[in-house]
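Novice: Each chain, written out:
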Amino acid sequence: MKELKEMMGRSFYDESPVFVTFLALCPLLGASMSFNKALGMGFFVLFVLSISNVLISLFCQKVPEAVKIPVSLSIIAMVVTLGDMAFELLNPDMHFELDPYIPLVALSCLLLIRGKDFASQSPPAAAFQDGVTLGVTFLVGIGALGLVRELLSTGTIVLLSSSFTFFPRELFPEFFGTPPGAFVALGLLAWGFSELKNRREERIAAEKEAGEAKK
Amino acid sequence: MKELLVLGLPALLAQNMAMTHFFGLYPLFNGSRNTKEVGKLSLGSLGVVFLATVLGYSLYHFVLFPLNLAYLHLLVFSWLASSLLVLFGSSKSQGQGIRAYFLLLGTNTAALGVALLGINREYSFAQMLSYSFFAALGYALLLYILAYLREQLEEAPVPRGLRGIPVGLFVLGIMAMALQGLV
Chain A
1 MKELKEMMGR SFYDESPVFV TFLALCPLLG ASMSFNKALG MGFFVLFVLS ISNVLISLFC
61 QKVPEAVKIP VSLSIIAMVV TLGDMAFELL NPDMHFELDP YIPLVALSCL LLIRGKDFAS
121 QSPPAAAFQD GVTLGVTFLV GIGALGLVRE LLSTGTIVLL SSSFTFFPRE LFPEFFGTPP
181 GAFVALGLLA WGFSELKNRR EERIAAEKEA GEAKK
Chain B
1 MKELLVLGLP ALLAQNMAMT HFFGLYPLFN GSRNTKEVGK LSLGSLGVVF LATVLGYSLY
61 HFVLFPLNLA YLHLLVFSWL ASSLLVLFGS SKSQGQGIRA YFLLLGTNTA ALGVALLGIN
121 REYSFAQMLS YSFFAALGYA LLLYILAYLR EQLEEAPVPR GLRGIPVGLF VLGIMAMALQ
181 GLV
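Chains as they are written, first to last, in the working numbering: chain A, 1 to 215; chain B, 1 to 183.
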């Protein structure tokens, strides 16, 4: 349990694709107008990332270095196509609203970098674990961004079919729902996140120092 | 001719694909800051985006769609992207080693986005040519401008937590806001 917590912490603070490496910006910004859409995209990326990691780890171990990228790209494209079809079947309305961003996940750098750097050199189980932790990190990040943007642009959070109103719509203009607002909202969140990260690092350094002083 | 210009020209600035549709943001923030290299990179991405968009659109429109194979478009596009990666990535004109691959992949994402938009809006081939040319030109322009701005930001007094990409996001947001006034 403690190991899992440590792994999630590392993935969340050091490798978060949303706030640290900024690898999947296109689906992230395009799909975060509302909390619902953000969750849809988050679960889609979680699904695709874990499946494609496992497949890449199964197929790419013995593939020569020169064709690793083309093979990984084809595997990712197949998984995204299947996921796209499943998404359309399960929730046609949201699929239509998220339109060009779901297929675009196929060429996002996040999947290829994880596949090439990690999954193609490790056994399937480790690759699956890595995909799931990274996918959950992405889900948390995009959920936070969607929540902030929807709250600040409409004052109401819609979760599935129930809605919660926090303040009247007139209080904020619709800025955070528009594309420029997406950049600013992500910039603000990333600022807060890196302050949090700095504080954590200082705390860890202080603990280490205390431990050494005890010795 | 005039209709084609009216269709394509907004994609240059007011509806720049990076700022309104978020396509291809990775190379914008991770490309080189050296002015000379960025010139090469933005010229290269102009070529790659235009070429990949037109090729992807033609493959979809003239081959896959008539054969009822439209569901294969992502696979075909990823083959197109990887062949472009092999072609341009090995010539080392766009930086060094593995980073160059990801810069190229980012521009390919942009191309896929533009091609999908054109397919969804049911553009004809001539319309697609005009739209993708102006979109690619706008993208290359933005790449160049942002590299210069990032170079200036390096020396500016920015709070520690904002250094690097977050302040770049703010800059891009403000640019997008200003350009929306042109609509």
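Derived by calculation from the structure, the hints in this document are not laboratory data. In this text, all values refer to a predicted model and were calculated from it rather than measured experimentally. Errors might be hidden in some of the hints.
From the derived model, a few chain A residues whose C-beta atoms are all more than 12 Å from chain B [claimed, not checked]:
hint: 1; residue: E15
hint: 2; residue: L160
hint: 3; residue: E170
hint: 4; residue: A185
Rough simulated footprint, nothing fancy, chain A against chain B, three-plus residues with beta-carbon under 8 Å [claimed, not checked]:
hint: 5; region: 6–13
hint: 6; region: 18–28
Beta carbons are placed, not taken as given, at the ideal position from N, Cα and C, and that holds for glycine.
Novice: Hint by hint, note whether the structure agrees.
Specialist: Here's how the hints hold up against the structure:
No beta-carbon of chain B is positioned within 12 Å of the beta-carbon of A/E15; the least distance is around 15 Å. The claim that A/L160 is not at the interface with chain B holds, since no C-beta of that chain comes within 12 Å of its own (minimum 26 Å). Remark: the non-interface label on A/E170 is consistent with the geometry, its nearest Cβ contact in chain B lying 21 Å away (cut-off 12 Å). Non-interface call for A/A185 relative to chain B: violated, since the shortest CB-CB distance, roughly 9 Å, does not exceed 12 Å.
Coverage of a stretch by a chain is defined here by at least three residues with a beta carbon nearer than 8 Å to that chain's beta carbons; for the region 6–13 of chain B and chain A the count is 0, and the condition is violated. Using a Cβ-Cβ cut-off of 8 Å, 8 residues of the region 18–28 of chain B lie near chain A, which meets the minimum of three, so the contact claim holds.
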